[in-house]
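Enquirer: Each chain is listed here by its residues.
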Amino acid sequence: MFGFGSSQAIKRQGPRGSFDLPLLVALVGLAGLGVVMVTSSSIAVADSQHIGAFYYLKKHLFYLALGLVLAGLAMRTELKQVEKYAFPLLLVGGAMLVAVFVPHFGMRINGARRWLNLIVLSFQPVEAVKLILVVYVASFLVRHRESVETRFWGLLRPVLVAGIIVLLLLAQPDFGSATLIIAVTIGMVWLGGARPLYLMLMGLPLMPLLAIAATSESYRMKRLTSFMDPWKDPFNDGFQLTQSLMAIGRGEWTGVGLGSSVLKLSYLPEAHTDFILAVIGEELGLAGIALVIGLFALAVGRGLYLGLKGVEVGQRFAGYVAFGVSLMLGLQAMVSIGVNLGALPTKGLTLPLISSGGSSVLMTCAMAGVLLRATFEINRALDARQMATRMPAMAVADANAAVASPREREAVAA
Amino acid sequence: MNPRRPMQPSPGGRRRGAGPSPRRRMLLVVGVLSLASLGLVARAFDLQVMQKQFYQDQGDARFLREVKIPVSRGTIFDRNGEPLAVSTPVMSIWANPPQVLENADRIPDLAAALGVDAGELKEHLAQRADREFVYLRRQMPPEAAQAVLDLDIPGINAQREFRRYYPSGEVTAHVLGFTNIDDHGQEGLELAFDDWLSGKPGAKRVIRDRMGHVVEDVEQVREPKPGKNLTLSIDRRIQFLAYNELKNALTEFDAASGSMVILDVPTGEVLAMVNLPTYNPNALAGSKFSDRRNRAVTDLIEPGSTIKPVLMAAALSSGKYTPTSPLIDTTGGHWYFQGHDIHDTHNYGLLTPTGVITKSSNVGAARIAMTLDTALMYNTYRAFGFGNSTNSGFPGESSGLLRIGRDWRPLEQAIMGYGYGLNVTPLQLANAYATLGDHGVMHTPSFIKGADNDPRAIVSPQVADEIVQMMETVTAPGGTATTARIANYIVAGKTGTAHKAAAGGYSRTNYTAAFAGLVPASHPRLVGVVIIDDPQKRSYYGGMVSAPVFARVMEGALRLLDVPPDNIGRWYAGGPLMSPNGLAGSKPPTDTPIDDAPVEDEP
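Chains as they are written, first to last, in this note's numbering: chain W, 1 to 414; chain U, 1 to 603.
If we strip away everything but chain U, and leave its shape as in the complex, we get (with noise of 0.2 Å):
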C-alpha cells in the first residue's frame, strides 16, 4: 500500500485473490476473541456465583475441620478450699510420619527433644508411615513441648491438653480416685463426679492447610464447658493426721493394711477417709491394683466386738434392759452354747449390760441376743445400716453381709451378737455409730460439703444418749481402750478384735483389730472408725493397736475443728481439770486396758 495515499482499503489496492481486508479480517480476529473473553467471563461467572456452593463444599471437605476446644476439669477442693486435684495444662506432640521422614536428617534432634531414642523413634515412625497422625508423646510440661516445637521439624505439631495433679499425692488418693489420659474419671470421687467435673469440650470449625496447621478459626460450633469445681466435705488437715497416725501403727504392729473413717456427727459429712496401702495417683504407673482399693468402702470386715453397742440399741428398745439391769450372768468366762463354746478373756462374772460393753464380753453379749426377738434384733442391724449401701455414692462401695433375721439359727443369733456372721465396711460402722452420737439419728454418709443427707431417726434418742454413755465406760479405768483417751475430752467407743475368716473358718493368728468411737463424748461432733488388718507385731487387740491411732487422730481433729471438751464448765470453776495422775490438761490418764475377747472359732 502506498503510505501517500490517505485513506485505505481503496478497492484498487487489492490484490486478486486476496481476502477481505485487514479491517474485515481483524474484525473476524477481534471477534473470535472477544467471544472467547465473553466465554471465560461467562465461566468464572459461572463457578464463581452460579456453582459457588458446590465448590465450596467441595473445598469445606478438604480443608474445614472441627476441632476440639479442651476444657480444663473442675478443680476439687476439700472442705476449707484446699485444692486436693487440679487440672494443669500439658502438651501433647504428635506427628504426621510421612513428613518427618521426609526430614529424616531432623530426627536425631527431635528425639533428644522428647527424650527417646532416635532409632526406636524413627522405627515407631516407620511403621506408621501410612498414618496421618500419630502420638509421640503426650502430657508433656508446656515449656519441654514448646523446646520441641521450636526445632521446627516439619510434620511435628502439638495439641493443647490437660493434665489432672493431686497435691495431696497418696494421702487422699482413694478418696480422689484419679483420672485417665484422656481426663475422664476412673475411680474414685472423679469418677463419681465425673460429668460435673468434666466439662463439656468446645468444638470449633478451622480451616487447616494441607499440613495440618490451623490456619483460621472460623466459627464456635459449641461452646466450651469447663468442668465444675467441686468441694468436698474431707478435711486436708484431718486426713494427714489420719494418714500418718495409720502409716505408723501399721509399721509399729506390722500390719497389712489399715482404714480409718472419721465423719462429722451432725451432718454425716465424711471429713477424712485414708486407707493404706495406697499410691501415688500422680505416678500411677506400677501401683498395684489392690493398692487402689478404697478399703473403708469395698472391703468388708467382720465386726467383731465393734458390734456391741448396736446390739445394745436392740436390747434398750426391747424393754427387756437398762443399761444396769438386769445383771447377766457371763461366770467361767464361758458358755457352751448348741455344742460351741462362746467366751471372754476373764471371767467376769455378774455383769450389767454395761458392763458387757465395758469390758467387751461375748458371753454377755450372746445371752442378751438369745433374749432377743428374732426380727427386732435383725431389724436394729438393718436400721443401723448393715447389709445396705450407706448410698454414699462412691464408686464400688459394698453393702455388706447381713443374712435375713427368719433365716438366722438360734446360734447363729448369739454370735451375730458380738460381731460375727456378718460383714460391714468401715464406712458402715462408722456411720452406725454417728447415728448413736447424733442422738439415733442416721445420716447418709456424704462426701459432698453441705450436701442434703437425708436425716432419719433409727432409735430413741434417749437409747442413743444411753448407749453413748456406756460406751465411755470403755476409755474409763477397767474398760478395753483406755489407750483411746484425749485429754479434757471423754471417748466413748468401743473396742473390737475379730479372727480373720481364712479358708476353712478362722485364722487363729490372724486378726483384725477395730475401734469404733465418739468425741466429745457429752456431744459427739466426731466419729471415728480404725481398722488395723492382720497385725502382726506386739498386739492384736483392738484396744491396743486401733484405740491408740484413733486418740491421736481426735485430739489433732479436735484442736483443728475447735471443738470444746466436754467437761469445760468445770474449767471455769476450779482451774485445771486434776486427775490422779495430776494434771489432767496434759495428757491422758493411762491405764492398761482390758483385753477383749475374740473367740477362737467359728460355729
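Excised from the complex, chain W in its bound form (with noise of 0.2 Å):
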C-alpha cells in the first residue's frame, strides 16, 4: 500500500521489473532444505572417513555462498550482455568440455574423465555448459527464429551444436547429463516453435546414436538394466539403487524423522550427492518426496509460465533462458527423483539446489540467478506494457525503446 502510495507521488521514471517471488521462495525453499539433508546425510560418510562431522557441510556452505554470489551478479547482468556473449561462452564451454582429456588438466575419477583441475578445487564443466548451452541455444532461437519455424537446416543448427556436447558428454562418459542436455536442447526448440515434423526427423538418428552409446559400455547397460530389478543382484549392480529404496520404503509417510537415517550410515553411497532424495524419503517419508517435487513444481512452472509471457511480451531471449533453465533444473531434478525411486536407470546426477557437490551447487545458483534475472526483465516489460496501456506517450518513449531487442524493432519495421 505504501509502495504504491509513493510510487504515485513520485513520478514514474520508467518500467519496473521485479523478480518472482514464489520463483524465489521456490529456489530458496529447496537450497534451505539442500543444506539441511546434507548435514543430515553427510555427517555419517565424514564421520567414517574420520574428516570431521561437518566437512560436507561447510563444503556445501561454501559452494552455496560462492553460488549466492554467482547467482547475485547473474540477477543485475543484462541478460542482453548475455546475449551478446552466447557464442564465446559456447566456446569457453566446449573449450572446457575438451580440456577434461588433456593429461593433468583434467581428472580421472572412477573411471570418467569429468573433472578439470583447477589446483584448489576442482570443476566440472558440464555443469557451466548446461547453462551456456541454455543461452546459446535461447540467442539462436532468438536470432534465426524464422528458420527454426521454417526450416530444417534453422532447427538442425542448435542441435547439432547440442550433439557436438553431447559427443564430448559421452567420451567423458556422461550419459546422464549428455541425455539431459538432448532433452533440454528439443524442449527448448519445441517451445521455440519448430515444427513436429522435423523435430521428429531429428530425432531419428538420435536413437540408434543413444542405442549404441547405451549398449557399447557394458558398465552402462548394466546400469540400464538393473533399475529394472534390483534384487536380481543386490550386492553388485543393483547395490546402490536397492539400499535407496530399502531408504524410501523405510520413510512411509512421514518419514523415520531428520536425522534417524539408518541407510545413510554407510549404507547408501553417495548418500549426500546422487542419492540425497532417498535420505529425504527416509526421513522426511512422502512429505518430504512431495514436497521436494513440489517446490520443483512451483519454481519451474513459475519459469515457464513467466518464460511464456516473456516470449508474448517480446522478451524472446529472457523467455527462452527462462525456458531453457526451468526445463534444465525441472528434468534433472526429475531425472535424479527417479534414479532415487528406482524408476530410471541409475545415472551420476544430482538433485539441483539439494545434493552436496561443489561444480553442480555453484552452477544450479548461477543458473537460478539467471533465470531470476529473466523473471526481472519479463516483469519489467509487463510492467512496461501495463504503463504503455495506461500511459501511452511516457510509455512509448523509453520503456519499450529500453526493452525491446534490435531485432525485433527490425521486425516491426518490416
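The set of hints was computed from the structure by calculation and includes no laboratory data.
Everything numeric in this text was worked out from a predicted model, so none of it was measured.
Note that beta-carbon positions come from the ideal geometry of N, C-alpha and C, so glycine has one too.
Keep in mind that the hints are not guaranteed to be accurate.
Some chain W residues near chain U, calculated using beta-carbon distances under 8 Å [said to hold, decoys possible]:
(1) ILE248
(2) LEU263
(3) GLY285
(4) LEU286
(5) ILE293
(6) GLY330
(7) MET334
(8) GLY338
Mimicking DSBU-like on lysine-lysine, the simulated pairs with C-alpha atoms at most 35 Å apart in a straight line are [as the list claims (entries may be wrong)]:
(9) U/LYS52 to W/LYS232
(10) U/LYS320 to U/LYS500
(11) U/LYS200 to U/LYS228
(12) U/LYS204 to W/LYS232
(13) W/LYS59 to W/LYS84
(14) U/LYS288 to U/LYS247
(15) W/LYS232 to U/LYS68
(16) U/LYS200 to U/LYS288
(17) U/LYS288 to U/LYS500
Dock chain one against chain two, each of which comes alone in its own frame, and use the hints as you go.
Expert: Below is the structure:
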C-alpha cells in the first residue's frame, strides 16, 4: 500500500522489473532444505572418513556462498549482455569439455573424465555447459527464429551444437548429463516453435546413436538393465539402488525423523550427493518427497509461465532462457528423483539445489540467478506494457525502446 | 511478435508452416512434466506406502541384528555372606580385520595397547582378513579396554562380558570349581548349579551401521535374567583353617596329597572341604588336571581302622555285643585266619569291644566281624552309605565300592571288619561318622545352607551314642589318637592307617593316614575327616599325622562357631578344670598315642 502510494507520488521514471516471488521462495526453499539434508546425510560419511562430522556441510555452505555471489551477479546483469556473449561462452564451454581430456588438467575419477583440476578445487565443466547451452540455444532461437520455425536447417544447427556437446559428454563418459542436454535442447526448440515433423526427423538418427552409446560399454548396459530388477543382484549392480529403495521404503508417510536415517550410515553410497533424495525419503517420508517435487514444480511452473509471458511480450531471449533453465532444473530433478526411486536407470546426476557437490551447487545457483534475472526483465516488460496501455505517451518514449531488442524493432519496421 | 500488439496469439502473427502457438506448445510441455511428476509421486507412494513392508524387511535383514545382553553370574556366598565367587565386568576387544588392515599404520599403537607384538597382530589379522569378527583379546580390565578404544582405530570394537573371580582362590577352588571363558560352570558347584547361577542372557534388537557399530536400540526381545545368588554351607573361616593346617601337615610329613571334610552334625551341611594339592581358579592356565580334582568326593580310599566304629554299630545292633562285653581274645597280636596273618602292632591280650576301638585292634575287629551275620554287617555298612553316592550333588562324586554281602568270603568279611576290601570317599566317611554323632540319623550331605537334607534313622540312637562314647577312649590316655585332643572338649574319633593299594597287592611303604572324629563328644556338633595320603617323613600313623590336623582345625572351628565345651557345667561348679598336667583350660593333655595297626598285606 505504502509502495503504491509513493509510486504515485513520485513520477515514474520508467518500467520497473521485479523478481518473481513464488519462484524465489521455491528456489530458496529447495536450497535451505538442501543445507539441512546435506548436513543430515553427510555426517556419517564424513565421520567414517575421519575428516570431521561437518566437513561436507562446510564444503556445501562454501559453494553455496560462492553460488549466491554468482547468482547475485547474474541477477544484476542485463540479459542483453549475456545474449551478446552467447557464442564466445559456448566456445569456452566446448573448450572446457575438451580440456577434461588433457592429461594433468583433466581429472579421472572412477573411470570418468569429468573434472578439471583447478589446483585448489576441481570443477565439472558440464555444469557450466548446461547454462551456456541454454543461453546459446535461446540466443539462437531469437536470432534465427524464422528459419527455426520453417526450415529444417535452421532447426538442425542448435541441435548439432547440442549434439557435439553430447558427444563430448559421452566420451567422458557422462551419460546422464548427455541425456539431459538432449532433452532440454529438444524442449527449447519445441517451445521455440520448431515444426513437430522436423523435430521427429531429427530424433530418428538420434535414437540408434543413444542405443549404441548405451550398449557400447558393459557398465552402462548393466546400469540400464539393473534398475528394472535391482533385487536380482542386490550386492553388485543393484547395490546402490536397493539401498536407496530400502531407505525410501522405510520412510512411509512422514519419515523416520530428521537425522534418523539408517541407510545413510555407510549403507547407501553417495547419500549426500546423487542419492540425497533417498535420505529425504527415509527421514521425511512421502511428505518430504512430495515437498521436494512440489517446490520443483513451483519453480519450474513459475519459470515456464513467466517465460511464456516473456515470449508473448517480446522478451524472447529472457523467455527462452527461462524455458531452458526451468527445463534444465526440472528435468534434472526429475531424473535424479526417478533414479532414486528406481524408476530410471542409475545415472550420476545430482538433485539440483539440494545435493552437495561443488560445481553442481555453484552452477545451479548461477542458473537460478539467470532465471530470476529473466523473470525480472519479463516483469519489467510486462510493467512497461501496462504503462503503455495506461499512459501511452510516456511508455513509447522509453519503456519499449529499452526492452525491445534490435531484431524486434527490425521486425516491427518490416 | 510486435510488443505493441495488445494480445497474443493472433492468427495473423503466425508464420507459415509453424507449429502450434507457444501456449499450446507449452501446454504439451507442462502436461508431460506434470504427468512425469505425478508418476514420480505415485512411484514414491508405491514404495513408501504400498510396498513398504518388503523394503523394510530387506532393510531389517541388513542392519537389524539381535544382540545378546550379557548378564552377570550369580554370586556365591559362604554361609556367613562372605563372597566366594563374584562376577566382574570385563571387556573383550574384537576387530573387523579388513577395516583394521586398511589402517595398517595404526597397528603398532593397537598392539602396544593390547600388549602384543605388532608383527604378530598384523599377521593374525591378515590371516583372518576374510572374516568380520575376530577377538583380539578377551576379558580385559575395563580401563585397559577403554584405552584401546580411545585410540579410535576403525574396525576395533569392544564387547562387555563378565569374568568370574574367586576371592578365596585356591582355598575354595575344589568346592567351587570354575567357569569357562563363556562364563559357564565347568567343575564343582559352578557346574552343579550352573543353571541357577548363570541366569538367562537377554536379547535386544539393534540397528547397526555398516561398520558394525550399534546405532540404536530398537526393542528388547528378551529380558535379561541375571543369575541368582547361591549361599553355600561352607564357612570360609573354617575352610581357611583346614586349608592351612592341612598344608602344614603335608609339608611336615612330606605327603603327596590330603583332604579334609568338616560336616555340621545336626544338618549334614558341609562346613569345609579342602584338598591338596590345589590350583588357582583365577589363573587356570598351567594347573595340572589332577590338582583340580576334588579328592574329598572323587577319590577312593580304603578306610582302614576308621571303619571299626561302623563295624561296632553292626555288632551292637546284633545284640551279641555291648561296649563292655564279651571279652575278645587278641592274645599274641596275631590271628592266622584261613592262611592269612591278621595282626596288631602290640599284643593287647583280652579286650572289651571298647578296647578294640581304643587300641584299634585288627584281630579284635576281625573276630567280631566273623561272629556277625554277613547280611547284618553288609546292610549296616550299606546303611552308613558305603558303596552308595551320598547324593550331595557334587559333580563327579564317586559312590565308592562295597561288594554285595552274599558274595563275601569269610576272610573277606574278617578283613572288611578293619577296613580293607572296600573303597569309600572321605565325604562318605565323614557322613557315616556324622550319623553316629547325630544319634543314628543320617543326613544327605549338602553344600547349600539350609537345604532340606532328608534325615533318616540308620541305627538306634542308643547304639550310636554308645559308639560315640567308645570312640571317646581313642583320644583318652592309652588310645591311638591322644594327639586329637582339644582343650576342654572331648573328642570322639578313630584313627586309620591303611596300606595303599598298589599294583599287585598292597604297598609296604606307602600308607594312607586317616582320622575321623566328632566333637564335642557329649553333643556332637562337628565331624571332621582328615585323610593324608602317602606321608613319607617322620610318621605314617593316622594318630600322628592326621589327628593333630583334626585337633588344630577343630579347636579353631569350635571357637568360631561358639560351641560350648562338653563339661561346661563343671566350669561353673568348680572353676577351671585341672588335669594331671596342670590347668586343663589352656592346652590339651599330651600322651603319646599308641600305634594303630595296618595289616602287612592283603588276602
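Enquirer: Hint compliance check: list the failing hint numbers for this structure, sorted ascending.
Expert: Violated: none.
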